[in-house]
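Work the whole structure out from these sequences, hints included.
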Amino acid sequence: MKNLHTRRDFLKKTSAAAIATMGMGAPLAGLLSSCENKIPASADSVILLFMAGGMAHTETFDPKRHTPFRKGMEAKEILSTFPSIPTKLDGIFFSEGLENIASVMDKGTLIRSYQAADLGHILHTRHQYHFHTCYEPPQSVVVPHLGSWIAKEKGALNPVIPPFINIGQRFTVGEGEELKAFHSAGFLGSEYGPFLIPDPTSGLEAVRPPVGMDTKRFESRNQLYKDLIAAGPMGEFGSDYQKESLRQSMEQAYMLLNSPEAKAFDLSQEPKENYDKYNTGKFGLGCLLARRLVDQGARYITVTTEYEPFMGWDTHDNGHTRLKDMKKLIDAPIAQLIKDLDQSGKLDRTIVIVASEFSRDMLTEGRPDLKVKDQVVVPDIVEDLKNYGMHRHFTDGCSILMFGGGIKRGHVFGKTADERPCKTIENPIKIDSIHQTIYHALGIPSDLNYEIEKRPFFTTPDGHGKVEFGLLA
Amino acid sequence: MALSQNAELLSDFWLSQFLGRLHPMLVHFPIALLVFAAFLELHTLKNFHQPLRKAIGLLVTFGVLSAVISAIFGLLLATNEATSGSTLDIHKFLGFGSAVFGIFLLFFSKNAIEKGDSRSIRTYRAFLFLTSIGVGFAGHFGASLTHGEDYLTEVLPGNSETSAPPSLTIDLATFSSEISPDQEIQLVTNVRSVFAHNCYKCHSGAKIEGELRLDEKEFVFAGGESGPILEPGNPEKSELIRRISLSKNHKDVMPEKGNLLSKDEIRLLTLWVEKGAPWPDGVEQQSVYRVAALAPRKPELPTPKSGLQNPIDLWVNQYFEENQLSWGEQIDERTFIRRAYLDIIGLLPSPEDLKALEGDSRPNKRSILIQSLLERKDDYTQHWLTFWNDALRNDYTGTGYITKGRYAITDWLYTSIRENKPYDQFVKELLNPDEKSKGFIEGIRWRGTVNASQRTEMQAAQNVGQVILGLNLKCASCHDSFISDWKLEESYAFANIFADTTLEVSRCEKPTGVMAKTEILWEELGEIDSLAPKAEKLRQLSEQLVQPANGRMYRTIVNRVWKQLMGRGIVEPVDEMDNEPWSQDLLDWLAVDFVENGYDLKRLVYQITTSRIYQTQVIKVASPDQLLGENFKFQGVIQRRITAEQFADAVGKIAAPLFDSVEVKFRPYELIPEARPNLSYTRASLVANNEFLKALGRPNREIVSTSRDSQASLLQALELSNGEKLNKALAKGGEKWAEAYSNPEEFTGQIYQNAFLRKPNSKELELAKKTFGAKAEPDEIQDFLWAIFLSPEFQLIY
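Residue numbers (UniProt numbering), protein chains in the order written: chain A, 1 to 473; chain B, 1 to 798.
Source of the hints: derived by calculation from the structure; they are not laboratory data.
Here the structure is a predicted model, which means the values were calculated and not measured.
Accuracy of the hints is not assured; some may be wrong.
Result set (DSS-like, lysine-lysine): computed pairs, CA atoms no more than 30 Å apart in a straight line [claimed, not checked]:
(1) B/K510 x A/K371
(2) B/K736 x A/K216
(3) B/K207 x A/K466
(4) B/K763 x B/K653
(5) A/K226 x B/K732
(6) A/K38 x B/K620
Pasting the structure below:
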């Protein structure tokens with residue numbers, strides 16, 4: 001515990017966390033953590049742009065031979081349903097519709113060899129759980145989200161901006177309960193849980209005085225609160241931890257709700273010209289909000305194309321047609337985010353990741369050597385446009401983009417086969433390595449762990465997964 | 001950067017290594033010379049020009065010179081040896097700082113002697129004192145590096161416990177030159193205990209680093225990848241002893257991560273090797289972990305004392321006497337009624353309730369009140385439902401429900417609590433369930449491939465272990481436990497009882513080919529017919545587990561109820577019943593008394609809440625660490641935070657309901673017609689989890705959860721400060737109260753009575769007047785209610 005505290009000195013001073021972490025059964029700093037090893041951090045913040053629903057690599061960042069639609073074509077001949085376009089990198093092509101991201105690819109690394117896990121019957125929420133926590137569900141303890149580990153270890157970068165923010169996901173959708181299962185700080189304590197902003201356009205509501213209350217009233221309410229406590233009999237008693245944690249966190253919430261930084265949550269403050277560049281819909285505005293928050297010192301943010309079964313990237317039919325819209329949704333704002341961060345210099349200390357829980361293929365469900373139950377009927381002969389597209393869940397080759405925060409610029413990592421199923425053939429990389437690489441860039445040691453119910457619990461299962469130095473500059 | 005590159009080049013050069021290693025010797029010069037110079041300087045304060053001046057000048061010159069050389073050699077040393085960390089950084093900073101200051105000091109010294117004016121003398125002296133303080137501190141941090149950070153402080157009074165860990169139950173002084181066979185066993189048992197608590201995490205069947213295992217005799221003597229670790233009789237030549245004795249930052253030190261062994265532990269291991277590392281066969285039978293007795297035990301009650309009728313108080317009194325603690329003051333009626341209401345039915349009492357109690361002249365009026373609360377069946381049930389929902393992982397929404405991979409047990413649970421079902425029967429119905437209670441052992445069935453250690457049968461074994469038996473089987477579900485004696489096979493044998501077919505044992509997710517046996521964890525409790533169908537196995541299990549001989553199960557439940565009412569278990573954590581209780585007698589007696597009196601949970605609550613100790617002034621702790629520490633001393637009821645549900649219910653009562661009908665997931669009157677609610681709001685325990693309840697601590701009931709985080713956090717404070725739910729209820733409350741009371745003073749008095757059961761004091765009244773002016777507006781009332789509800793006096797159970 002001693003070691004843990006020195007590491008979080010900043011947080012200790014600025015929030016109630018220091019006392020809040022030590023509740024009954026709260027985690028003890030793992031005895032196995034080598035707290036002395038300091039890793040120089042190359043990044044301060046992380047933005048994960050999550051393509052929830054399964055983004056086909058062959059239709060986005062790893063296109064193969066274009067096989068245009070024609071009635072009566074064989075399903076097995078379909079590789080990419082879009083033509084390829086050049087990117088800023090020589091000899092590297094994207095799928096049509098991603099021209100903007102293609103133009104900033106010199107600023108980051110393109111991973112073409114991410115292999116998602118084999119979790120049997122493929123389900124989005126289970127694979128998302130695995131992507132965000134690095135653990136396969138279910139577990140015998142509640143496992144913390146990647147953002148919670150980072151919030152816990154690094155603390156808030158700016159004390160009034162919550163260290164883990166989740167933008168763009170509602171939990172009222174189908175499988176909402178399954179989504180909740182991993183949007184949690186688990187045993188690290190609710191202090192490190194996600195600050196949820198389901199709709200970026202109403203982000204401000206989460207951080208301003210309650211609806212209908214102006215600043216003046218908000219301030220006097222807070223003053224009354226303090227005065228009444230001081231006047232009451234509890235005010236004079238010595239401090240105990242519950243009272244103290246309540247006092248501190250109320251103070252901190254007041255600071256946030258009344259702070260100038262809270263304006264970062266207000267998208268209407270953004271110049272119209274720039275707002276329009278991002279405004280492709282909820283996801284685009286989420287990117288804008290993420291940029292504004294990082295400018296003010298956010299630590300970890302997920303912006304997701306909202307997951308809802310059979311919507312968004314979850315194309316069980318009409319894959320080709322629907323992907324046109326999905327690309328329109330993401331292309332401009334992602335590129336603009338990279339450009340803006342690069343221009344302000346923030347990109348050097350901010351990792352931006354574009355990823356999905358798995359990829360898609362025309363025919364293979366799972367992976368070529370481990371097929372699982374097909375969930376979509378794909379006819380051998382494609383007569384209808386609605387059957388044209390990547391409709392099955394594919395785990396053996398997915399693309400991830402990483403930018404900034406110490407990630408190599410203009411680099412390509414890994415490779416998939418050019419013929420179906422376009423599986424990983426070079427430098428396979430798995431989720432534990434992705435997590436460890438992010439932690440490493442933030443200066444979090446790979447063997448960090450806490451003792452939970454007397455057992456060591458690591459950021460990745462048993463602390464496995466090597467930092468992939470091939471991604472780092 | 002150039003500096004470090006040069007340093008890298010240098011590091012391979014022998015001379016650089018040699019000079020670097022002179023650093024620890026050289027550093028003594030600047031400390032001695034400069035501190036002595038500063039000391040002499042004090043003697044010249046009145047008269048600068050003294051014969052001493054020349055001597056001081058020489059001391060300063062050589063002192064600074066040695067400081068500069070030490071700093072350079074120190075740099076060489078740091079680059080040669082793989083040491084890092086904050087202590088080193090501070091040491092470096094201070095060392096270099098002192099050397100730089102020293103150079104200025106030389107200059108100012110010369111200047112002062114030449115000029116002799118008071119200003120230059122002052123500057124010189126300032127630098128002299130600063131530099132000598134600097135080298136002193138640099139020296140201290142240097143010593144921390146080589147000797148360990150607690151080298152100095154560990155011998156201070158009050159810090160002695162760090163050198164005598166509780167695991168060591170051996171007096172090394174009694175081991176003379178010849179040791180007896182008994183002493184051999186004692187010695188190796190202690191050695192194994194040191195291994196278990198410090199080394200098994202990386203060197204046992206669960207995890208084997210460096211090819212070394214320390215969990216069995218043959219492995220210990222076989223050594224690891226770099227050869228044997230011991231030379232019996234020769235500690236100096238034993239790798240084990242060498243590595244555990246190294247300093248914290250040495251690259252070979254063991255344990256590599258975490259805390260070093262204590263001096264006593266090192267001495268123990270050294271002595272053991274010196275005595276030839278004796279390891280008699282069969283010694284493994286003796287556990288190196290604390291294991292609580294399974295059988296019940298009924299200690300004889302202490303002799304009755306006047307004023308202490310309740311047996312609990314007799315035990316507490318005995319404990320107080322043994323530990324030289326004294327009884328706290330008895331609480332007044334107001335504190336009592338609030339505590340009893342919140343603890344027994346989860347609701348706030350009304351001012352009328354308090355008035356009635358105060359007006360009651362019967363001597364046993366508090367017991368009568370407690371009895372009446374226990375008889376409010378639905379209020380009682382709707383309070384304890386929250387506790388059991390958490391513990392049994394029962395929820396209205398959550399993963400698994402959409403695919404029929406999970407079953408709610410709310411109907412059964414509500415009825416069982418309401419009927420005050422005897423606890424043995426309660427457990428029997430959970431373990432050998434019908435359709436309504438099967439949800440607990442059925443677990444959550446996820447779609448897709450699930451870890452072997454999380455198959456539903458294993459979930460059942462883990463959950464029954466944790467909740468019913470206060471036992472952690474999670475570790476042993478994957479491999480032999482390294483936190484207890486439980487073996488993988490034993491977990492599987494227990495899990496197999498819940499299986500339709502025979503389970504194959506998987507070790508760390510790899511099938512072993514071994515088929516699991518079918519056994520209860522303790523053979524004393526009887527056998528399970530391994531060939532019987534599942535239903536029969538479950539019937540046998542349920543009968544065997546609830547028998548009175550299973551003292552552990554009843555200790556576990558009385559300890560849980562004790563914690564709910566007293567704030568801290570007799571054993572903590574409440575799921576680790578092998579830990580030491582603060583009073584074994586009280587725990588054992590309560591458990592047996594519970595069994596002898598019909599497994600009656602309400603009676604247990606009555607027994608505890610009618611005790612004098614329950615009605616004693618609350619204990620406040622500055623840090624939750626104090627509650628879990630090994631030196632915890634019981635003194636009385638611990639102050640607690642009200643739960644999410646208690647808070648929501650209190651707001652519902654005083655302001656306005658927080659939840660609308662859509663959120664209500666369980667309506668007791670649909671099951672039991674007479675359970676029709678008599679309240680103007682729905683109890684929070686019947687409502688689906690939502691952001692408000694979650695922020696205030698209701699867990700996602702995906703896994704069992706037996707204690708809640710009672711502390712505030714930023715996310716929680718945000719929810720309370722601007723969350724829509726609370727805000728809406730408060731706005732409605734503002735309107736309601738504005739209609740009822742237009743006179744601010746009258747209104748303030750009513751609010752204080754309802755929220756705190758007292759009148760406002762003059763300062764509070766003054767503040768209220770200032771807020772409201774002549775007429776209380778709804779907005780103002782809303783904000784006033786908010787301030788009241790968020791105040792510690794409302795939020796805590798005291």
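Hint check results:
| no. | hint | result |
| --- | --- | --- |
| 1 | B/K510 x A/K371 | holds, 21 Å |
| 2 | B/K736 x A/K216 | holds, 24 Å |
| 3 | B/K207 x A/K466 | holds, 18 Å |
| 4 | B/K763 x B/K653 | holds, 26 Å |
| 5 | A/K226 x B/K732 | holds, 23 Å |
| 6 | A/K38 x B/K620 | violated, 38 Å |
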